[in-house]
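Residue-level listing of the chains:
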Amino acid sequence: MGQRSAADWARLAAPAAIVMTIAPASYANRYLTVEEAQHLAFPEASQFVEAHVVFRPADIAAIERLSGQRVHTRGQQVWKALVAGRLAGFFVVDYVIGKHLVIDYSVALALDGRVKAVEILEYREAYGSEITSHHWLHQFDGKTGRDPVAIDKDIRNISGATLSSQHVTEGVKRILAFYETCLR
Amino acid sequence: MAGLRRFKLVAIGLLGVLAVEPTSARAVTPEEINQKLKALEDEVRSLRQQLDAVKTNAAPAQAPAPVPAAAPGGAPPDSPQPQPGAQMAPQSPAPTATVTNKDLFGILPSPLEGLKIGMYGEFKFGKVQNPDANGQWQLGADMARIVLMPSYAFTDSIFLYSEIEFEHGGIAGDEDDKSNGAVEVEQAWVDFKINPYFNIRSPGIDLIPIGYTNLYHEPTLFYSVNRPALATGLVPTTWFQPAMSVYGRVVENLNYQVQVSASLEDFGNGIQSRPDNNSVPPFPDGYAPGISGKDALVFAKAPNGDFRQLSDVLATAGRLSYTPPFIPGFAGSTSLYYTPSTTPRGAYSDTGLPLRRSSLTMVDTEFRYRVPETGFEFRAEYVGVFFGNNKNLRANNDSDPTNNVGSAMYGMSGEIAYHIPLGRALGAEWEAVPFYRYTYQNLQTGGYRGSDLNAPTGSGQQQIQTMGLAVFPTKKLVLKLTYQNVIDQQRGGCKCDYVLGGVGFYFN
Numbered sequence: 001m002g003q004r005s006a007a008d009w010a011r012l013a014a015p016a017a018i019v020m021t022i023a024p025a026s027y028a029n030r031y032l033t034v035e036e037a038q039h040l041a042f043p044e045a046s047q048f049v050e051a052h053v054v055f056r057p058a059d060i061a062a063i064e065r066l067s068g069q070r071v072h073t074r075g076q077q078v079w080k081a082l083v084a085g086r087l088a089g090f091f092v093v094d095y096v097i098g099k100h101l102v103i104d105y106s107v108a109l110a111l112d113g114r115v116k117a118v119e120i121l122e123y124r125e126a127y128g129s130e131i132t133s134h135h136w137l138h139q140f141d142g143k144t145g146r147d148p149v150a151i152d153k154d155i156r157n158i159s160g161a162t163l164s165s166q167h168v169t170e171g172v173k174r175i176l177a178f179y180e181t182c183l184r
Numbered sequence: 001m002a003g004l005r006r007f008k009l010v011a012i013g014l015l016g017v018l019a020v021e022p023t024s025a026r027a028v029t030p031e032e033i034n035q036k037l038k039a040l041e042d043e044v045r046s047l048r049q050q051l052d053a054v055k056t057n058a059a060p061a062q063a064p065a066p067v068p069a070a071a072p073g074g075a076p077p078d079s080p081q082p083q084p085g086a087q088m089a090p091q092s093p094a095p096t097a098t099v100t101n102k103d104l105f106g107i108l109p110s111p112l113e114g115l116k117i118g119m120y121g122e123f124k125f126g127k128v129q130n131p132d133a134n135g136q137w138q139l140g141a142d143m144a145r146i147v148l149m150p151s152y153a154f155t156d157s158i159f160l161y162s163e164i165e166f167e168h169g170g171i172a173g174d175e176d177d178k179s180n181g182a183v184e185v186e187q188a189w190v191d192f193k194i195n196p197y198f199n200i201r202s203p204g205i206d207l208i209p210i211g212y213t214n215l216y217h218e219p220t221l222f223y224s225v226n227r228p229a230l231a232t233g234l235v236p237t238t239w240f241q242p243a244m245s246v247y248g249r250v251v252e253n254l255n256y257q258v259q260v261s262a263s264l265e266d267f268g269n270g271i272q273s274r275p276d277n278n279s280v281p282p283f284p285d286g287y288a289p290g291i292s293g294k295d296a297l298v299f300a301k302a303p304n305g306d307f308r309q310l311s312d313v314l315a316t317a318g319r320l321s322y323t324p325p326f327i328p329g330f331a332g333s334t335s336l337y338y339t340p341s342t343t344p345r346g347a348y349s350d351t352g353l354p355l356r357r358s359s360l361t362m363v364d365t366e367f368r369y370r371v372p373e374t375g376f377e378f379r380a381e382y383v384g385v386f387f388g389n390n391k392n393l394r395a396n397n398d399s400d401p402t403n404n405v406g407s408a409m410y411g412m413s414g415e416i417a418y419h420i421p422l423g424r425a426l427g428a429e430w431e432a433v434p435f436y437r438y439t440y441q442n443l444q445t446g447g448y449r450g451s452d453l454n455a456p457t458g459s460g461q462q463q464i465q466t467m468g469l470a471v472f473p474t475k476k477l478v479l480k481l482t483y484q485n486v487i488d489q490q491r492g493g494c495k496c497d498y499v500l501g502g503v504g505f506y507f508n
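Residue numbers (the numbering used here), protein chains in the order written: chain A, 1 to 184; chain B, 1 to 508.
Any given hint might turn out to be false.
[What the hints assert, rightly or not] Distance windows between CB atoms, simulated:
hint: 1; chain 1: A; residue 1: 148; chain 2: B; residue 2: 469; range: 47 to 57 Å
hint: 2; chain 1: A; residue 1: 36; chain 2: B; residue 2: 418; range: 33 to 43 Å
hint: 3; chain 1: A; residue 1: 135; chain 2: B; residue 2: 277; range: 33 to 43 Å
hint: 4; chain 1: B; residue 1: 270; chain 2: A; residue 2: 138; range: 47 to 57 Å
[To be verified] Non-contacting residues of chain B with respect to chain A, defined by C-beta distances greater than 12 Å in every case (computed):
hint: 5; residue: 160
hint: 6; residue: 166
hint: 7; residue: 185
hint: 8; residue: 215
hint: 9; residue: 282
hint: 10; residue: 283
hint: 11; residue: 285
hint: 12; residue: 311
hint: 13; residue: 331
hint: 14; residue: 391
hint: 15; residue: 493
hint: 16; residue: 497
hint: 17; residue: 503
Simulated from the structure, these hints should not be mistaken for lab results. Ideal Cβ positions, reconstructed from N, Cα and C, are used throughout, including at glycine.
Assemble the whole structure, with the sequences as input and the hints as a guide.
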C-alpha cells in the first residue's frame, strides 16, 4: 500500500514537476523582446535611441481623424533606429486589448512611413494566438497611412482570432496615423 | 569701517534699483504678462503630463513593460523633428504611454487595477411555428441572453476569466414577474500562462473544446438568429462543465487543447429530480433519457454545482485548431470527445433491469474559409457521435418506441455567405452578409438495441435550410433576419420553421 501510494503521488506530481522545470525558463507568452524585434526589423542598425512623444490635444484629434480609432494614450513610445549615426527609421512599441488581455506588439516604420515589420511581442489570451503567425503579420508590410489597413479590406480576418486580429489591425492603423501626425 | 561697508551696501542696492526699475517699468505690458503666464501654463501642463506618465506607468496591470532599449547618446544630426508642440523627450524614463483605461464595458476606467468587464447579448423576435399547436405560427420574443464577462489579472501570467449569463429574461419567483429563465456561471477558471506551448487552466467551469460554435458563440460570430442546427443538439451548446485543461501551440499555425471534464450523463430530468442518494429516481418511478433520438444530447449535460453529478467517470476532450499558411483566410479545427460511460448511477430499464456502461465518442471537424480578395465565405462542419453499447441507453429502455437511438448519430452542414460593404453611416462602417446554410442530421441511425419496441417516427432525420441576412453596423453589433425551414421524415413534417429577427452585440 505504501509503495503504491508513493507511485500514485509520483504520477500526480510529475506534471507539476515538469511545469516547475519549464516555468523559470519562460516568461508568460512572450514571443519576442523589444530588442529582438528591433534587430529583426533593422538588422543594420547600430543604435536605437528611445524617445517618448507626448501628445497635444491637437495630435490626438489628428490621429483619431486619420485612423478612425480612439486614442487612449497621452503619448507614444518610439525608438529612432540609427545606422552609422544616421536615421534609418522608427520603431514603435504599442499595445491593444485582444479579447480581455493586453497584446504587446511593435511596428517598425521606414523613414517614408511604410511598415517594415509588425511583430507580436507578447500574447496573453487563451484563444486567438493565431495572430502570431508570420504569414498573417506580413500582410502589414509596406502599408502606409494612405492604405485602408482594415479587416476584410486589405487585411484578412482570422476566424477564431477575430477580436485579436481586428484590434491589432486597428492598432497598426493608429500607429500609421501617429507617424503622419508626429513623426513625418 | 563698518559705516563705510553699510554705505557701500546701500549704494549697491540703490544702483541696482536704478538699473532695474526703468527696464521693469518698460517690460511689464499686459501682453508680456499674458505671454509669460501662457508659457508657465504650458510648462505646468507639460510637467503634469510627465508626472501622470510616471504615476500611471503606461497601462493597466497587465500592460506591457517593454525593456528600455535606448542606447545612450544624443540625437543625431538628422534626427526627426516632431511637429510643433509634440513633445519628444529623448531617453525618457517613462516606460510607455500614459493610458486612460476603459476596462468597464469599454466605457469607464476600472476601479480595481487588473479588473475588466465585458458583455455580450442577443435579443430575438418574430414568428415561430409551434409543433405542439399543429404547426401554428405564433408571434413572440425572447431576451435570449445577456452575458457579463468579468476578468482579473492577478499577475501578468495568472489570469481569472468568468462569464455570468442571464438567459430568457432572467429568473423571478413572483407571479407578476413572469420570468422563467436562468442565471448561470458559464465559465470560471484561472489560467497559468507558462509559455506559448504549454499553459494550465485550473479546475473550474469551462467550455468543452468541441467544434467552433461551442467555443465562439457570441452572436456577432455567426449569421443566423439561432445558432447553427448542429450546435443545438449533436453538440449541445453552450456545453460547459466542471473541467481543467492544458493548451498551447504545437507549431506556428497549429494549436491544441486537452481537457478533462465531468462526463455527459444519460439522465434527462432536471436537478430537482435527483434524490438525496445522488442517483436516478428509484424504480419504478422512471426518468427521462439524457440521450435520445429526438433531442440528441441536449439533455445529457451534467450539472455544474452542488456535487450533483451522477457519474463517477471523467470525460476527455482534445481539439486541434489550425490556420494553414498556404491557404490564406482558412481556419479549421478537429475535435474528439470521449467518455467511458454515460450511464448514471442506479440506471435501469423500465423492465427493471440495471443498465450498464455505454461509452460515447464524439468527433467534430469544421472549417471556415474567407476567400481573400472577394466577399465570399464558406463554412462546413461534420459531427459524429458513436455509442459503445447503445442497448444500455435509457432511451432504448424507457417504453417509448419513438425516441430510440441507433449505434451512432451524425450531422453535416455547409454554408455560403457573401460580405457586402455598405459604406459609412452614423459613424460606423456597415456591412451586409446574406447567407445560406444546408444541414443534414440523422439522430436515429440503424443498429438499435434495447428493450423497447423500435418505431422511430423519422423526426430525427432532418434536412434544414437556413437563409437570411446579417447587417453589421460595426464588428461589435449585428442585426439579423433569418428564415429556417425544416424537413424531417415524420408524418406531417416537423412544423418547426421560423422567421426571426435578432439584435446581437459584443464588447469588452
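Hint-by-hint comparison with the structure:
no.: 1; hint: A/148 to B/469: 47 to 57 Å; in the structure: violated (24 Å)
no.: 2; hint: A/36 to B/418: 33 to 43 Å; in the structure: holds (41 Å)
no.: 3; hint: A/135 to B/277: 33 to 43 Å; in the structure: violated (57 Å)
no.: 4; hint: B/270 to A/138: 47 to 57 Å; in the structure: holds (53 Å)
no.: 5; hint: 160; in the structure: violated (10 Å)
no.: 6; hint: 166; in the structure: holds (20 Å)
no.: 7; hint: 185; in the structure: holds (17 Å)
no.: 8; hint: 215; in the structure: violated (7 Å)
no.: 9; hint: 282; in the structure: holds (36 Å)
no.: 10; hint: 283; in the structure: holds (37 Å)
no.: 11; hint: 285; in the structure: holds (39 Å)
no.: 12; hint: 311; in the structure: holds (22 Å)
no.: 13; hint: 331; in the structure: violated (4 Å)
no.: 14; hint: 391; in the structure: holds (35 Å)
no.: 15; hint: 493; in the structure: holds (34 Å)
no.: 16; hint: 497; in the structure: holds (29 Å)
no.: 17; hint: 503; in the structure: holds (19 Å)
The structure shown violates the earlier hints numbered 1, 3, 5, 8 and 13.
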